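Asker: One-letter residues, chain by chain:
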Amino acid sequence: MQPVNEMKLEFLSKSSNEAFARVVAAAFVSQLDPTIEELADVRTAVSEAVTNAIIHGYENETGIITMVCRLYDKSVEIEITDNGKGIEDIELAMQPLYTSKPEMERSGMGFTVMESFMDRVKVRSKPGEGTTVTLYKTFGSGERAGKNQDK
Amino acid sequence: MEIRFSNRGSTLIAAFSGELDHHFAEYAREKIERELIKATTRNVIFDLTGLSFMDSSGIGVLVGRYANIRKLGGKAAIICSNSRIRKILEISGILKLMPVYGELNDALRALPGA
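Heads up: the sequence lines are chains S and W, in that order.
Under the numbering used here, read the first sequence as residues 463 to 613, first letter to last.
Under the numbering used here, read the second sequence as residues 43 to 156, first letter to last.
Here chain S stands alone, though its shape is the one from the complex (with noise of 0.2 Å):
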């Protein structure tokens, strides 16, 4: 399927471009006026994803982070990607309450919130090369996908 609109942003992964990467994802998605809630959910699910990218992917380094969405008739496809360390083992990285590091306060939801936010979330990682979250979502009375993942 073809998207109707598509953007890609890249960006710096500083702590204050996570306000700015959900904020731009919400005004690109607002083309398909979403309800409010739908649109909070997008914002809450690329927050978490961005977070990781850069706590976890670049571990507070700076690198680049891209995201790209692409807009259906009813439905979003966003993408989130670092070029960071990467994911060893997806399943527990994805498991509610796990977290790498404890000590700096993560609450190891991260995941768990994107799934719960949006109707899917694939996950792509090597390890020393990085990390692609793909959240998606339908709007309006659009069919729930089950949630997945890849390996």
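If you are wondering where the hints come from, they were derived from the structure by calculation, not from laboratory data.
All figures in this text were calculated on a predicted structure; none of them were measured in a lab.
All C-beta atoms in this analysis are idealised placements derived from N, C-alpha and C, irrespective of residue type, glycine included.
Mixed in with the good hints, there may be bad ones.
[As the list claims (entries may be wrong)] Chain W side only, calculated, beta carbon under 8 Å to chain S, not exhaustive: (1) Asp63; (2) Asp97; (3) Ser98; (4) Gly102; (5) Val105; (6) Tyr108; (7) Arg126; (8) Ile130; (9) Ile133; (10) Leu137.
[To be verified] Think about it this way: if two alpha-carbon atoms lie no more than 30 Å apart in a straight line, the pair counts; the simulated DSS-like pairs of lysine-lysine are: (11) S:Lys476 with S:Lys547; (12) S:Lys563 with W:Lys129; (13) S:Lys563 with W:Lys113; (14) S:Lys563 with W:Lys117; (15) W:Lys73 with S:Lys563; (16) S:Lys563 with W:Lys80; (17) W:Lys129 with S:Lys536; (18) W:Lys113 with W:Lys129; (19) S:Lys584 with W:Lys129.
Assemble chain W onto chain S, guided by the hints.
Answerer: For chain W alone, kept in the frame of chain S given last:
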């Protein structure tokens, strides 16, 4: 993001406003800790009604402070009316540690010495 503090008896009320994410987590942590060490504080109410956004970084901040409040023998409660923030509180399991209320008066009634 801002946090304003007020006291009701031995209860500290930490009223958040703005957006609480990873970027502001450190600031929030330090600001609340500075209040917690004051001898007058026993219980804490986290008033999230002024927040327009919170993600799981906020959960880390609240759970971390809760651990310290418990060490001081106190209790904690949350006030929240935003449905999205409420959903994050629910899925995080934090409500098992701290009850959530819609209004300040209900939270104050639930805490002793407020």
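Asker: Give a verdict on every hint.
Answerer: Hint by hint, here is what the structure shows:
Interface hint status for Asp63 (chain W): upheld, as the beta-carbon distance to the closest one in chain S is roughly 5 Å, under 8 Å. The interface hint given for Asp97 (chain W) holds, since its Cβ lies 4 Å from the closest Cβ of chain S, which is under the 8 Å cut-off. At a threshold of 8 Å, the smallest CB-CB gap from Ser98 (chain W) to chain S is about 4 Å, leaving the interface hint in force. The interface hint given for Gly102 (chain W) holds, since its Cβ lies 4 Å from the closest Cβ of chain S, which is under the 8 Å cut-off.
Among the interface hints, the one on Val105 (chain W) holds; its C-beta lies about 6 Å from the nearest C-beta in chain S, closer than the 8 Å criterion. Because the beta carbon of Tyr108 (chain W) sits about 11 Å from the nearest beta carbon in chain S, more than 8 Å, this interface hint is broken. Interface restraint check: Arg126 (chain W) against chain S, minimum CB-CB distance 4 Å, threshold 8 Å, status holds. Interface hint at Ile130 (chain W): satisfied, since its Cβ lies 6 Å from the closest Cβ of chain S, which is below the 8 Å cut-off.
The interface hint given for Ile133 (chain W) is met, as the beta carbon of that residue sits about 5 Å from the closest beta carbon of chain S, less than 8 Å. Here the hint on Leu137 (chain W) is broken, as its CB sits about 13 Å from the closest CB of chain S, past 8 Å. Distance restraint check for Lys476 (chain S) and Lys547 (chain S): the Cα-Cα separation of roughly 16 Å lies within the 30 Å cut-off, and the hinted pair is therefore satisfied. As the CA atoms of Lys563 (chain S) and Lys129 (chain W) are separated by approximately 23 Å, the hinted pair is consistent with the 30 Å bound.
Distance restraint check for Lys563 (chain S) and Lys113 (chain W): the Cα-Cα separation of roughly 22 Å lies within the 30 Å cut-off, and the hinted pair is therefore satisfied. With a C-alpha separation of about 26 Å, the suggested pairing of Lys563 (chain S) with Lys117 (chain W) holds against the 30 Å cut-off. Restraint check: the Cα-Cα separation between Lys73 (chain W) and Lys563 (chain S) comes to about 22 Å, which is no more than 30 Å; the hinted pair holds. Of the supplied pair hints, the one linking Lys563 (chain S) and Lys80 (chain W) holds, its CA atoms being roughly 29 Å apart against a limit of 30 Å.
As the CA atoms of Lys129 (chain W) and Lys536 (chain S) are separated by approximately 24 Å, the hinted pair is consistent with the 30 Å bound. At roughly 27 Å between alpha-carbon atoms, Lys113 (chain W) and Lys129 (chain W) fall within 30 Å of each other, so this suggested pair holds. Proximity of Lys584 (chain S) to Lys129 (chain W) is assessed by CA-CA distance (about 21 Å); at most 30 Å being required, the pair is judged to hold.
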